[in-house]
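Based on the provided sequences and hints, a complete structural model is requested.
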Amino acid sequence: MLDLTLYYILLILVAAFFAGIIGSMAGLGGGVLIVPFLTLYFHVPISLAIGASIISVIATSSGSASAYVKDKISNIRVGTFLVLFTTTGAILGAFLEHIAPTRIIYLVFGIVLLISVMPLLKKFGEVNQPSSVKNDPIAERLSLNSHYHNMELGKEVTYNVAGVKSGSAMMLVAGILSGLLGIGSGVFKVIAMDTFMKLPIKVSTTTSNFMIGMTAAASAGIYFFNGYVNPYIAAPVAIGVLIGAVVGARLLVKTKGSTVRLVFAIIIVVVAVEMLLNGVGIRL
Amino acid sequence: MVIIIGVVDYLVTGSSGYFTVPLDVLFKSGGINTNVFPHFLGTISVGVIKFRAFAIIELGILLLILSPIGRIFLQILIYAKERDRTFVAIASVVFVILLISLYLSKFIA
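Protein chains in written order, with our numbering: chain S, 1 to 284; chain F, 1 to 109.
Heads up, a few of these hints could be off.
To be verified - A partial selection of chain F residues facing chain S, derived with a Cβ cut-off under 10 angstroms: (1) Glu58; (2) Gly60; (3) Thr86.
As the list claims (entries may be wrong) - List of simulated lysine-lysine pairs, DSS-like, C-alpha gap at most 30 angstroms: (4) Lys70/S <-> Lys81/F; (5) Lys81/F <-> Lys72/S; (6) Lys165/S <-> Lys134/S; (7) Lys254/S <-> Lys134/S; (8) Lys72/S <-> Lys134/S; (9) Lys155/S <-> Lys70/S; (10) Lys254/S <-> Lys72/S; (11) Lys70/S <-> Lys256/S; (12) Lys165/S <-> Lys81/F.
Read the hints as simulated data drawn from the structure, not as lab findings. Backbone N, C-alpha and C define an ideal beta-carbon position, used for all residues, glycine too.
Next comes the structure, spelled out in structure tokens:
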């Protein structure tokens with residue numbers, strides 16, 4: 001019997017490794033990939049799968065964040081400022097749990113996600129931020145604008161930060177979603193930074209990686225102390241995702257911005273479909 | 001790292017140190033209550049002292065959960081060193097929010 005368990009653990013480890021790579025590149029926790037894998041393939045109960053997903057989010061964040069901070073791609077000032085809204089939202093979400101049926105929440109946000117793919121794809125070929133983007137007054141005061149080394153162009157690229165208010169509002173919503181649905185909501189964070197705040201795509205995904213760990217930590221305790229974090233599943237997920245995230249972080253530095261955008265767009269569609277299915281009562 | 005020590009302990013001793021059901025049985029039963037593993041500070045620390053595999057793994061996972069809180073604390077120190085008062089304040093609020101949420105999570109079942 002132990003052998004079969006070992007075989008399952010190895011499978012989860014491998015799956016977690018790939019979730020870590022994709023998660024760290026796309027700025028999300030890989031929960032969107034881990035949960036359907038565990039529930040569809042292994043028929044893991046959803047509560048345990050979400051417990052594993054939360055661990056996956058934190059592991060992605062921890063595994064990739066150190067690399068991105070060193071490479072100076074992620075904007076820690078933007079991340080610290082926005083985390084204020086996501087963590088507040090996460091606590092609010094935990095209290096709001098019974099305000100609306102989760103099915104309706106899933107349907108609404110599934111549709112929102114599908115719509116948000118459009119502006120993302122429109123900017124597909126865009127390597128850099130257009131020079132027309134002006135710094136938001138709040139960004140000016142907090143000096144959020146920054147620069148990063150762009151491998152494609154082989155030079156430093158400076159960028160401004162726009163739409164701080166709308167971006168922050170979106171982060172609050174993302175945080176509430178995290179608390180409500182037990183997801184990392186990295187997808188919404190990247191959309192907020194990419195579409196509203198006009199940050200370069202790599203800066204958006206890496207800064208999201210910095211943030212998701214903290215947002216998830218705000219609700220992780222609930223799952224942990226209730227015993228939803230089963231060592232059999234959580235240990236291979238944590239180790240696999242950590243290694244995958246480190247590998248993904250190395251890959252991202254060398255990957256084209258447009259490729260990152262494509263990976264992210266595909267993930268959005270996957271998440272949107274998952275959410276819509278959940279909304280009509282089909283649990284993946 | 002701590003998780004790996006726990007996994008190695010599990011593989012070497014071939015036992016989780018707790019009454020646990022093999023994964024395939026767990027999946028078929030579809031329940032979580034068939035598996036007993038420590039998930040409170042008290043039971044974990046007792047298990048770690050006795051070198052029980054699953055207690056060590058859970059300790060590692062708990063440390064992983066705490067690591068973002070450690071990171072924001074580090075960020076406070078960095079901003080303090082840069083004498084950036086606005087960001088010391090922002091990071092401190094985030095730190096407090098995370099501590100509150102961890103404290104509250106004990107009461108939400």
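| task | List, from low to high, the hint numbers that the structure doesn't satisfy. | result | Nothing - there is no hint that the structure violates, so all of them hold.
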